[in-house]
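J.: Residues per chain are reported as follows:
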Amino acid sequence: MGITQILFWFLSVLALISAILVVVSKNPVHSVLWLILVFFAISGHYILLNAQFLAIVNLIVYAGAIMVLFLFVFMLMNLNADTEPQKNKWLKIAGVIASGSLLLVLVAALKNADMKSRLAEMGGGNIGLIHNLGLALFNDYVIPFEISSVLFLSAMVGVVVIGKKE
Amino acid sequence: MHPILLAMDWGLLLEKAVLITIIISVSLLVAMYETWGERKIAAVIQDRRGPNRAGPGGLFQPLADGLKLFMKEEIIPTSSSRMLFVLGPGLAMLTAMMTSAVVPWSSHFDLFGRHIELQIADVNIGILYIFGVVSMGVYGIMIGGWASNNKFSLLAAIRGASQIISYELAMGISIIALLMLTGSLSLKTIVEQQQHGVYYVLWQPLGFLIFLVCAFAECNRTPFDLSEAENELNFGYHQEYSSMKLGFYLFAEYVNMFISSAVMATLYWGGYDIPFVNDTAFGQAHGQNLLAILQAVSLFGKVIIFVFFFMWVRWTIPRFRYDQLMRLGWNVLIPLSLVNMLVTGFLILLHQNNWHF
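If you read the sequences in order, they're chains W and A. Per my numbering, the very first residue in the first sequence carries number 32; after that it's consecutive. Per my numbering, the very first residue in the second sequence carries number 2; after that it's consecutive.
Hints are computed from structural coordinates only; laboratory data are not their basis. Glycine is no exception: its CB is placed at the ideal position from the N, C-alpha and C atoms. One should not assume that every hint holds.
What the hints assert, rightly or not - Distance condition first, Cα-Cα at most 30 Å in a straight line; then the derived DSS-like pairs of lysine-lysine:
id, chain 1, residue 1, chain 2, residue 2
1, W, K196, A, K152
2, A, K17, A, K73
3, W, K142, W, K57
4, W, K123, W, K57
5, W, K195, A, K73
6, W, K57, A, K152
7, W, K142, W, K123
8, A, K152, A, K69
As the list claims (entries may be wrong) - Residues from chain W that keep clear of chain A, each with C-beta distances beyond 12 Å, as calculated:
id, residue
9, A46
10, I48
11, V60
12, L64
13, I67
14, I87
15, M106
16, A125
17, S132
18, L160
19, E177
20, V181
21, S185
22, V192
Required output: the full structure, derived from the provided sequences and hints.
T.: Encoded structure:
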């Protein structure tokens, strides 16, 4: 095993364990903190794929901004285990069945997928470097890029309009 | 030996380990003497003497303070979540330290037949790395404040975090204007460009001002130290902390101040470039090693000027009210930095077009 492989297995195990802990944790604040660890592990994978820009933007946007807002909400809502109402038993069973079928569909879809030819190159590809990514975004994909930025802008304006009290 | 162990460049590993040790020790030492400097400057501004008992001119005062903090009883509130309570100050210190990895402290040494770069990692996303680490810095404050299980701590933590997030935006936009000029995100390249041309503060005066104000806010320094406004929130997010855990929070602020001064010097004031000296010619005449030492001294001089400025402002300007702080961030700094970005982009395009419309 080379160093990249050791790192790959370490990051994968870290990501899976923390992802499980996100779901299992009783306290929502702990869940968010585990989710941040998941983002770190995923960023580590991006770096292994030589996509440094994606890695750091993933950290800045998801771990640095969105998760902070999650934490704000959870900390101010004061969600404790004892104030949480017991959920209906049937609701729980329905949830288990629904997520189980989702898992089944995902596994079935991935089972026949052409994995061998689509394996990511470890440290080989350089599309994730900021220079190449910028060229690709502003040459090949300039219209989708601009349209999505307008979409974000309209979402922002919408939030301001809703948030403004008359 | 195992092939993996043979494949690694042990010299490089050793070199980087030594460099990291030196940089972290220097950051901590500087942070220690920043506390002394802060008291002395406060004393001068308020017409007092300041610390003068421990050692000549009070120079051993930071050691005495550190010893006091270590000796204090360590209290962990019973109703706090213990794990996170300990994690908070650790995170604050860790993120303060991590930023120093991409700052170029000097050019390079030629020692033992090796070419030793005085930068821990020259990654091609240098500035974004700094942003990433800074945005992680929020968690030290938030986790500490929440885990204390105290309403005042929580309020202070949320104040601090929302302030940091708000000012990060203006900081990011002011940096975009700079990046349009440099065309590179690597701090080393940015310094080298300034060595061959003029300092970027001349092209980006407004951008530098915005960055400076945001750096004050990011470090939670006066006039932006809302999160520890003791007349409203007792002692802020670290109210429940004692002993060295409190020391870590206080110390992280000083390390942050040191590193953000270094970043400002690097981005806008030429970094390790020695002002009014042609560095390359000097290096050829007197040897690369001497040049590297003088360049590091030059960077430290710039950093000390910035740190002095941080302290000068702290003892001169009173604290903002919370609504004033938010209005300054969202209604003044962000529009200003947007205008700065647009004007910069316009001028760059005009320049590329040989000043024709």
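J.: Confirm or reject the statement that V181 (chain W) sits farther than 12 Å, beta carbon to beta carbon, from all of chain A.
T.: holds, 17 Å
J.: K142 (chain W) and K57 (chain W) were given as a pair; does the straight-line alpha-carbon distance stay at or below 30 Å?
T.: violated, 33 Å
J.: When you check the alpha-carbon spacing of K196 (chain W) and K152 (chain A), does it fall within 30 Å?
T.: holds, 28 Å
J.: Per the stated criterion, does the least C-beta distance between E177 (chain W) and chain A lie above 12 Å, as a non-interface residue requires?
T.: For E177 (chain W), whose nearest Cβ neighbour in chain A is about 16 Å away, the distance exceeds 12 Å, so it holds.
J.: Please confirm whether V192 (chain W) is truly not at the interface, meaning its C-beta sits more than 12 Å away from all C-beta atoms of chain A.
T.: Consistent with the label, V192 (chain W) stays out of reach of chain A, its closest Cβ about 16 Å off (over 12 Å).
J.: Hey, is S132 (chain W) genuinely clear of chain A, shortest beta carbon separation above 12 Å?
T.: Non-interface label on S132 (chain W) holds, nearest chain A Cβ at 36 Å vs cutoff 12 Å.
J.: Verify this label for me: L64 (chain W) is non-interface relative to chain A, using a Cβ-Cβ cutoff of 12 Å.
T.: With a cut-off of 12 Å, L64 (chain W) comes too close to chain A, as the shortest Cβ separation is near 7 Å.
J.: K142 (chain W) and K123 (chain W) were given as a pair; does the straight-line alpha-carbon distance stay at or below 30 Å?
T.: With a Cα-Cα distance of about 28 Å, the restraint between K142 (chain W) and K123 (chain W) holds, given a limit of 30 Å.
J.: Verify this label for me: I48 (chain W) is non-interface relative to chain A, using a Cβ-Cβ cutoff of 12 Å.
T.: holds, 16 Å
J.: Check the non-interface label on M106 (chain W): least C-beta distance to chain A beyond 12 Å or not.
T.: violated, 5 Å
J.: Hey, K195 (chain W) versus K73 (chain A), does the alpha-carbon distance stay inside 30 Å?
T.: Given pair K195 (chain W), K73 (chain A) is violated - Cα atoms ~49 Å apart, limit 30 Å.
J.: Does I87 (chain W) really sit off the interface, with its C-beta more than 12 Å from all C-beta atoms of chain A?
T.: Since the minimum Cβ distance to chain A is about 5 Å, I87 (chain W) lies within 12 Å and the statement is violated.
Against the hints set out earlier in the document, violations occur for numbers 2, 3, 5, 11, 12, 13, 14, 15 and 18.
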